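Undergrad: Using the sequences and the accompanying hints, generate a full structural model.
Number of protein chains: 2
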Amino acid sequence: MKIALDAMGGDKAPEEIIDGAVEAVNEASGRFHVVLVGQRSVIENYIQTKGFPTANLEIADAPEVIGMSESPATAIRRKKGSSISVAVRMHRDGEVQAVVSAGNTGAVVASSLLYLGRIPGIDRPAIAIYFPTRNGGTVLLDGGANSDCVPKHLEQFALMGSVYAEHFLRRTNPRIGLLSIGEEPSKGNELARETHILLGKSGMNFVGNVEGRDIFRETVDVVVTDGFVGNVVLKFTESIIYYITSLIREGVNESFSAKLGAVLMRPVFRKMRETLDYAEYGGMPLLGVDGVTIIGHGGSSAKAIKNAIFAAERFVQSGINDKLRSRTEGLQ
Amino acid sequence: MKIALDAMGGDKAPEEIIDGAVEAVNEASGRFHVVLVGQRSVIENYIQTKGFPTANLEIADAPEVIGMSESPATAIRRKKGSSISVAVRMHRDGEVQAVVSAGNTGAVVASSLLYLGRIPGIDRPAIAIYFPTRNGGTVLLDGGANSDCVPKHLEQFALMGSVYAEHFLRRTNPRIGLLSIGEEPSKGNELARETHILLGKSGMNFVGNVEGRDIFRETVDVVVTDGFVGNVVLKFTESIIYYITSLIREGVNESFSAKLGAVLMRPVFRKMRETLDYAEYGGMPLLGVDGVTIIGHGGSSAKAIKNAIFAAERFVQSGINDKLRSRTEGLQ
Numbered sequence: 011m012k013i014a015l016d017a018m019g020g021d022k023a024p025e026e027i028i029d030g031a032v033e034a035v036n037e038a039s040g041r042f043h044v045v046l047v048g049q050r051s052v053i054e055n056y057i058q059t060k061g062f063p064t065a066n067l068e069i070a071d072a073p074e075v076i077g078m079s080e081s082p083a084t085a086i087r088r089k090k091g092s093s094i095s096v097a098v099r100m101h102r103d104g105e106v107q108a109v110v111s112a113g114n115t116g117a118v119v120a121s122s123l124l125y126l127g128r129i130p131g132i133d134r135p136a137i138a139i140y141f142p143t144r145n146g147g148t149v150l151l152d153g154g155a156n157s158d159c160v161p162k163h164l165e166q167f168a169l170m171g172s173v174y175a176e177h178f179l180r181r182t183n184p185r186i187g188l189l190s191i192g193e194e195p196s197k198g199n200e201l202a203r204e205t206h207i208l209l210g211k212s213g214m215n216f217v218g219n220v221e222g223r224d225i226f227r228e229t230v231d232v233v234v235t236d237g238f239v240g241n242v243v244l245k246f247t248e249s250i251i252y253y254i255t256s257l258i259r260e261g262v263n264e265s266f267s268a269k270l271g272a273v274l275m276r277p278v279f280r281k282m283r284e285t286l287d288y289a290e291y292g293g294m295p296l297l298g299v300d301g302v303t304i305i306g307h308g309g310s311s312a313k314a315i316k317n318a319i320f321a322a323e324r325f326v327q328s329g330i331n332d333k334l335r336s337r338t339e340g341l342q
Numbered sequence: 011m012k013i014a015l016d017a018m019g020g021d022k023a024p025e026e027i028i029d030g031a032v033e034a035v036n037e038a039s040g041r042f043h044v045v046l047v048g049q050r051s052v053i054e055n056y057i058q059t060k061g062f063p064t065a066n067l068e069i070a071d072a073p074e075v076i077g078m079s080e081s082p083a084t085a086i087r088r089k090k091g092s093s094i095s096v097a098v099r100m101h102r103d104g105e106v107q108a109v110v111s112a113g114n115t116g117a118v119v120a121s122s123l124l125y126l127g128r129i130p131g132i133d134r135p136a137i138a139i140y141f142p143t144r145n146g147g148t149v150l151l152d153g154g155a156n157s158d159c160v161p162k163h164l165e166q167f168a169l170m171g172s173v174y175a176e177h178f179l180r181r182t183n184p185r186i187g188l189l190s191i192g193e194e195p196s197k198g199n200e201l202a203r204e205t206h207i208l209l210g211k212s213g214m215n216f217v218g219n220v221e222g223r224d225i226f227r228e229t230v231d232v233v234v235t236d237g238f239v240g241n242v243v244l245k246f247t248e249s250i251i252y253y254i255t256s257l258i259r260e261g262v263n264e265s266f267s268a269k270l271g272a273v274l275m276r277p278v279f280r281k282m283r284e285t286l287d288y289a290e291y292g293g294m295p296l297l298g299v300d301g302v303t304i305i306g307h308g309g310s311s312a313k314a315i316k317n318a319i320f321a322a323e324r325f326v327q328s329g330i331n332d333k334l335r336s337r338t339e340g341l342q
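For the record, the sequence lines run as chains A and B.
No gaps in the numbering here: position 242 of the first sequence is 252 in my numbering, and each next residue is one more.
No gaps in the numbering here: position 286 of the second sequence is 296 in my numbering, and each next residue is one more.
In short, the hints are calculated from the structure, not lab data.
One or more of the hints may lead you astray.
Put simply, identical chains are the same to the list, so a pair is met inside one copy or across any two.
Here are the simulated DSSO-like pairs of lysine-lysine, each with C-alpha atoms no more than 30 angstroms apart in a straight line [stated by the list, open to error]: (1) K162 <-> K245; (2) K269 <-> K281; (3) K211 <-> K245; (4) K281 <-> K245.
This structure is a prediction, so every number in the text was calculated from the model and none was measured.
TA: Rendered as structure tokens:
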């Protein structure tokens, strides 16, 4: 298997991205190759400077770079030589089986749509976000690929989330909830109210509206919402974890006994951080494209990139796209 | 001053609601009276059973009850004798200076609109949510009064939030941020993109888009969004705090040294819980109605009700509605 990695995408590119690739191929011991896509000289220089072994690593040159603030659709059309464009075209042409990028999310989505196309029956590919819970996790779609949605899109997100939960969370007949602001079907905005009706008639295991508080409560396996709300929730999660950690740290610094207590509790805090650390979960798949695109957090560390590469491997092996295709045939 | 309290509204009504009123009048030692609005016999029986002193407490009979799942607008029109309707009409008629309710939020909003009306220049009153931060707090509007909004509504939320931040967070020229999913004006859904343009021309201290992560980071004083997103964020906050606490508790139960550590850290955790506990902040004002309506959390405890009553007192004393009126004159 070969996995293309956008070496220029992400706040810490290319250093942490390349570090992550090196760690991944070392741990995988030959199961796959990683193709580092980006400015060849930059990548080669970095690898030489660090003295990294190059077994199972390849380089594909991509001279252009897309910035985090460029308009994604325009950038993808104009910069055919950007690392994300080159990586996705390699995937389209069968040279690699998956693409991983921590770059501009909009550009990753746009290039995947342009070069890979969609699975029939899916109008809008969506980003699946995994939330760790105490009993195996909840998946939320859309994590930010589509800011403006209509009910039909959310119905498709529900279907994709359901297939994802079967494959990756090992749920049978996953429970689907619609994110709204009250349990009653009449609650919520126009999009939620209309989607509620559609999901009720869909034949899927729709259990009704859920609220923000249900995401970590395991009342459902799949939470469906539009990409604007999903992305707000994703980024809010990060902030509140940072905030709570800082509250604890401040309190600890104020007393000697609390400091001692914190030392004794260190394993608990370490485990908590690991549970909540997105870097452990390895990127978010863009479901619904006819290929395998894994989107990394913009701030991805080497560890996050390594885990995103492993997520890509699992995704390819899962055959989830074939399953999705067989399920969407009913929708067309 | 007299404050009407909806004694029948909230998951723990009437017991915790009445307990909260008793605690409030005890602490206030005569600064205000609380009028308990609800089924007279129920309220009287409870007060007698508990042997509460009745100084500074009054009762106003309201025979009907609105359930949490009734359609708010319909319920308010049909049940003129419900506790929330009676309480808000008493406020309209000048018998009380404020209303506090932890009942059906939609019904509280609908009755306030119907009986109190709006401050000129405000089309949609909005719920102001206070988020505690390390440097004094951030206010977010709308917390759930309006699920479907247009840009003009969000502009009015910005104005109301700004006046709130001046009065209650003591900020000079408060910084206003628009909740979106990227810093660039082009990011976000249609509502966010159009509101960005409107706020840019408003003459207010608009600093641009903010993301979910900025709510606790104090990059702005006021966060503006529609009531659907605001309410999702509010309820999500509760769930994640519950989840993190449960992660810590589980870890602590697994080892003796962690248990000892937790004992030593008890004051830190207590302070953290206090900081994050909505019950400490006393309800959320419905800004933009021509009166004082404080909305309590549905699960309000006696402490939450007590603090909501104190919030009502502060709101009346602040004269914030006059200030709001003088500022909205420019908008009309």
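Undergrad: Give a verdict on every hint.
TA: Evaluated hints:
1. K162 <-> K245: both (25 angstroms within a copy, 26 angstroms between copies)
2. K269 <-> K281: Both. Shortest intra-copy (18 angstroms) and inter-copy (15 angstroms) distances satisfy the 30 angstroms Cα cut-off.
3. K211 <-> K245: between (32 angstroms within a copy, 27 angstroms between copies)
4. K281 <-> K245: both (21 angstroms within a copy, 25 angstroms between copies)
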